[in-house]
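In case you want the letters, here they are:
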Amino acid sequence: MSILVFAEHDNSELKSDTLKTVAAAQAIGGDIHLLVAGHNCQAVAEAASKVNGVSKVLVADNAAYEHQLAENVSLLVTELAADYSHILATALTTGKNFMPRVAALLDVAQISDIIAVESSDTFVRPIYAGNAIATVQSLDSKKVITVRSTGFDAVATDGNAEIVAVDKVTDAGISSHVNDELSVSERPDLGAASIVISGGRGMQNGENFKLLEGIADKLGAAIGASRAAVDAGFVPNDMQVGQTGKIVAPDLYIAVGISGAIQHLAGMKDSKVIVAINKDAEAPIFQVADYGLVADLFDALPELESKL
Amino acid sequence: MKVLVPIKRVIDYNVKVRVKADNSNVDLANVKMAINPFCEIAVEEAVRLKEAGIATEVIAVSIGNKSCQEQLRTALALGADRAIQIETDENLDSINVAKLLQKIVEEEQPQLVILGKQSIDSDNNQTGQMLAALTGMAQGTFASAVNVDGDKVNVTREVDSGLQTIALTLPAIVTTDLRLNEPRYASLPNIMKAKRKPLDVKSAADFGIDLTARTNLIKVTPPAQRKAGIIVESIDELVEKLKNEAKVIS
Ligand SMILES: Cc1cc2nc3c(=O)[nH]c(=O)nc-3n(C[C@H](O)[C@H](O)[C@H](O)COP(=O)(O)OP(=O)(O)OC[C@H]3O[C@@H](n4cnc5c(N)ncnc54)[C@H](O)[C@@H]3O)c2cc1C
Ligand SMILES: Nc1ncnc2c1ncn2[C@@H]1O[C@H](COP(=O)(O)O)[C@@H](O)[C@H]1O
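Residue numbers (the working numbering), protein chains in the order written: chain A, 1 to 308; chain B, 309 to 558.
Fair warning: there could be bad hints in the mix.
Think about it this way: if two alpha-carbon atoms lie no more than 30 Å apart in a straight line, the pair counts; the simulated DSBU-like pairs of lysine-lysine are [unchecked claim]:
(1) K142(A) <-> K527(B)
(2) K551(B) <-> K168(A)
(3) K307(A) <-> K279(A)
(4) K551(B) <-> K210(A)
(5) K551(B) <-> K307(A)
(6) K210(A) <-> K555(B)
(7) K272(A) <-> K551(B)
(8) K535(B) <-> K279(A)
(9) K218(A) <-> K555(B)
(10) K272(A) <-> K503(B)
(11) K269(A) <-> K328(B)
(12) K279(A) <-> K555(B)
(13) K340(B) <-> K510(B)
(14) K460(B) <-> K411(B)
(15) K272(A) <-> K328(B)
(16) K218(A) <-> K549(B)
(17) K324(B) <-> K269(A)
(18) K503(B) <-> K340(B)
(19) K269(A) <-> K218(A)
(20) K218(A) <-> K551(B)
(21) K272(A) <-> K501(B)
(22) K551(B) <-> K269(A)
(23) K269(A) <-> K535(B)
(24) K310(B) <-> K374(B)
(25) K218(A) <-> K535(B)
(26) K272(A) <-> K535(B)
(27) K210(A) <-> K142(A)
(28) K269(A) <-> K555(B)
(29) K142(A) <-> K503(B)
(30) K549(B) <-> K269(A)
(31) K210(A) <-> K549(B)
(32) K358(B) <-> K307(A)
(33) K549(B) <-> K310(B)
(34) K535(B) <-> K307(A)
(35) K269(A) <-> K340(B)
Okay, the calculated beta carbon distance ranges per label pair [unchecked claim]:
(36) E416(B) <-> D299(A): 50 to 60 Å
(37) S495(B) <-> A232(A): 21 to 31 Å
(38) D544(B) <-> R201(A): 34 to 44 Å
(39) N524(B) <-> S2(A): 17 to 27 Å
(40) K501(B) <-> D217(A): 50 to 60 Å
Read the hints as simulated data drawn from the structure, not as lab findings.
Fair warning: this is a prediction, and the values are worked out from it, not measured in the lab.
Even for Gly, the Cβ is constructed at its ideal location relative to N, Cα and C.
I would like the entire structure built from these sequences, with the hints used as guidance.
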């Protein structure tokens, strides 16, 4: 078996989630190749070549892949697919965007968001916002899979794979990039942080998220939010944790002013330790919290910051 | 231009589903069902395009058994002009849903197909992208803004690092994210009117597509339960526990 893993990157850095997707590939077993599709992405290719368990890095460096438009990337991956039994990508917005296209072009089903590998054709994935866990067997000859990185432990990066250029250029010519509005933050990435502190509607406004920042600074934490906080415009969309936002599983998750709707729990209930701060003792978030504090957040947060 | 909106009947998002005792699947007996929230947003967006004079007709389509007509009527009450039910009792893989939708796209020739980004039951997040591939169309997934501009549509997408805007050549596929719009409530007169709007029923078997299942659901289990936690009385106690018991901060 040969497995192609799509590398997540922004043309300059390889995202650490890729190390977890490679771990999923190792659990399937076989010869693992990493595909770096981008533009001016040599630094990513270098980093990819160090990922343990990878025997070859394919680099498709072309302007057509700069923004990883689904139309172009899916054609590239489909052309490469002939050599592989499994094609894996991380279940982040890039992989979620182009992978089902690959599956359709290959006329196979996609198994989304796997959290465990049972065998080379059988995988485990959450459904119904994580309220049920399905074991699914793929009956197709080729498997197209997206991997939820919280399910796997990152592989090490002291490998030395060969780097091979891919000259194919597939430009569908039906989509183009207009612009990005990227959130810039000095803080660790939500998906990669070992501590996350999130605020909900209880924060009342965006200004009050400063109360979380002081604590995040002391703990080296990332800051997240509930959908209600994002919807109310307190913070940008990329901070949303949940079923339809980001899935996180840090060592410590602190939920502040968040009620604990199933859609929010879906994104964080696999965290190792959960702390909830909420003034309503009946809030469902306390049912998943290891440590609950029933308090007004406007009293609790400044005190917490001062005692860390 | 015509806008096609595929919608799915799913469990109501407020209901916490339970797994059947025999682990064969989840138990949907007597559970409240509804239109998938992302599909409702898709219908709303299509209706707004019609109200803005950009869309000329909004067609809702659903693949499922007879009960999904209820959700099609909801779409009609929200402003869709007509509806198509593709009758099947099977729970189809997204690839097969996409193949049936491809046939409807060929028949109806819409300029825009707006789907939800994800069904809240299967959590697949696949069908729109697959339909785009099968029809050779461009796609704007996880949309938080859709602007039709001549023979193109600009779609602003919610991506991991923020927002990305792309331009797609029409006809194109859009999948909705939560912030695209806030769906209206259907008014009573519109619910009454919806009863008289056309709803075509077609059989999935009549399309001549191989709908053989590509996946086999082996079992469904409840998620691991977290062990009961404790309520701490003070910040001091919390910090002490996090340092010495949980050992997650130093
Ligand atoms: C299709 C769909 C997908 C969704 N996806 C997501 C998702 O991915 N992520 C997500 O988070 N949600 C999601 N939601 C929304 C979800 O259903 C809830 O509406 C949302 O999570 C609620 O956010 P909240 O807990 O911040 O707000 P609320 O439910 O309003 O809770 C606010 C909490 O703050 C507490 N509070 C208020 N003031 C204070 C104070 N001074 N001190 C302490 N506590 C205080 C209150 O007691 C309350 O418990 C989705 C919904 C749908 C329909
Ligand atoms: N049975 C169905 N009938 C009509 N539309 C569907 C069906 N299943 C999925 N869809 C559409 O595809 C979107 C994404 O679904 P999924 O790929 O299952 O997560 C949904 O929001 C619908 O717009």
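Outcome of the hint check:
A distance of roughly 22 Å separates the Cα atoms of K142(A) and K527(B); the hinted pair therefore holds under the 30 Å criterion. Taken as a hint, the K551(B) and K168(A) pair is broken in the structure, with Cα atoms around 54 Å apart against an allowance of 30 Å. The straight-line distance between the Cα atoms of K307(A) and K279(A) is roughly 20 Å, inside the 30 Å bound, and the hint therefore holds. The straight-line distance between the Cα atoms of K551(B) and K210(A) is roughly 24 Å, inside the 30 Å bound, and the hint therefore holds.
Of the pairs offered as hints, the one joining K551(B) and K307(A) holds, with about 12 Å between alpha carbons and a cut-off of 30 Å not exceeded. Annotation: proposed proximity of K210(A) to K555(B) holds, straight-line Cα distance about 26 Å (limit 30 Å). Restraint check for K272(A) and K551(B): satisfied, since their Cα atoms lie roughly 14 Å apart, inside the 30 Å limit. For a cut-off of 30 Å, the pair hint linking K535(B) to K279(A) stands: about 22 Å separates their Cα positions.
For a cut-off of 30 Å, the pair hint linking K218(A) to K555(B) stands: about 16 Å separates their Cα positions. Distance restraint check for K272(A) and K503(B): the Cα-Cα separation of roughly 51 Å exceeds the 30 Å cut-off, and the hinted pair is therefore not satisfied. Restraint check for K269(A) and K328(B): the C-alpha separation of about 22 Å stays at or below 30 Å, so the hint holds. At roughly 25 Å between alpha-carbon atoms, K279(A) and K555(B) fall within 30 Å of each other, so this suggested pair holds.
Restraint check: the Cα-Cα separation between K340(B) and K510(B) comes to about 26 Å, which is no more than 30 Å; the hinted pair holds. About 23 Å separates the Cα atoms of K460(B) and K411(B), which keeps this hinted pair within 30 Å; it holds. With a C-alpha separation of about 28 Å, the suggested pairing of K272(A) with K328(B) holds against the 30 Å cut-off. Distance restraint check for K218(A) and K549(B): the Cα-Cα separation of roughly 17 Å lies within the 30 Å cut-off, and the hinted pair is therefore satisfied.
Restraint check for K324(B) and K269(A): satisfied, since their Cα atoms lie roughly 15 Å apart, inside the 30 Å limit. Distance restraint check for K503(B) and K340(B): the Cα-Cα separation of roughly 21 Å lies within the 30 Å cut-off, and the hinted pair is therefore satisfied. For the proposed pair K269(A) and K218(A), the alpha carbon gap of about 23 Å is at most 30 Å, so the pair holds. For a cut-off of 30 Å, the pair hint linking K218(A) to K551(B) stands: about 14 Å separates their Cα positions.
In summary, the hint linking K272(A) to K501(B) is not supported, as the alpha carbons are separated by about 52 Å, beyond the 30 Å threshold. A hinted pair counts as satisfied when its Cα atoms are at most 30 Å apart, and K551(B) with K269(A) qualifies at roughly 21 Å. Simply put, K269(A) and K535(B) have alpha-carbon atoms about 12 Å apart, close enough for the 30 Å limit, and the pair holds. For the given pair, K310(B) sits about 25 Å from K374(B) by alpha-carbon distance, which is consistent with the 30 Å threshold.
A hinted pair counts as satisfied when its Cα atoms are at most 30 Å apart, and K218(A) with K535(B) qualifies at roughly 28 Å. Distance hint between K272(A) and K535(B) is fulfilled; the C-alpha atoms sit about 11 Å from each other, no more than 30 Å. A C-alpha spacing of about 48 Å is found between K210(A) and K142(A), which places the hinted pair above 30 Å, so the restraint is violated. Straight-line distance between C-alpha atoms of K269(A) and K555(B) comes to about 19 Å, which keeps the hinted pair within the 30 Å bound.
Annotation: proposed proximity of K142(A) to K503(B) is violated, straight-line Cα distance about 45 Å (limit 30 Å). Among the hinted pairs, K549(B) with K269(A) is consistent with the structure: their alpha-carbon atoms are about 19 Å apart, no more than 30 Å. Between the alpha carbons of K210(A) and K549(B) the distance comes to roughly 25 Å, so the proposed pair stays at or under 30 Å and holds. For the suggested pair K358(B) and K307(A), the alpha carbons sit about 57 Å apart, so the restraint of at most 30 Å is broken.
Annotation: proposed proximity of K549(B) to K310(B) is violated, straight-line Cα distance about 60 Å (limit 30 Å). Between the alpha carbons of K535(B) and K307(A) the distance comes to roughly 27 Å, so the proposed pair stays at or under 30 Å and holds. The suggested pairing of K269(A) with K340(B) holds, with an alpha-carbon distance near 25 Å, which does not exceed 30 Å. Under the hint 50 to 60 Å, the C-beta atoms of E416(B) and D299(A), about 59 Å apart, fit the expected range.
Checked against the given bound of 21 to 31 Å, the beta carbons of S495(B) and A232(A), roughly 26 Å apart, stay inside it. The hinted window of 34 to 44 Å between D544(B) and R201(A) is violated, with their beta carbons roughly 27 Å apart. Between N524(B) and S2(A) the CB atoms are about 24 Å apart, so this pair conforms to the stated range of 17 to 27 Å. The hinted window of 50 to 60 Å between K501(B) and D217(A) holds, with their beta carbons roughly 57 Å apart.
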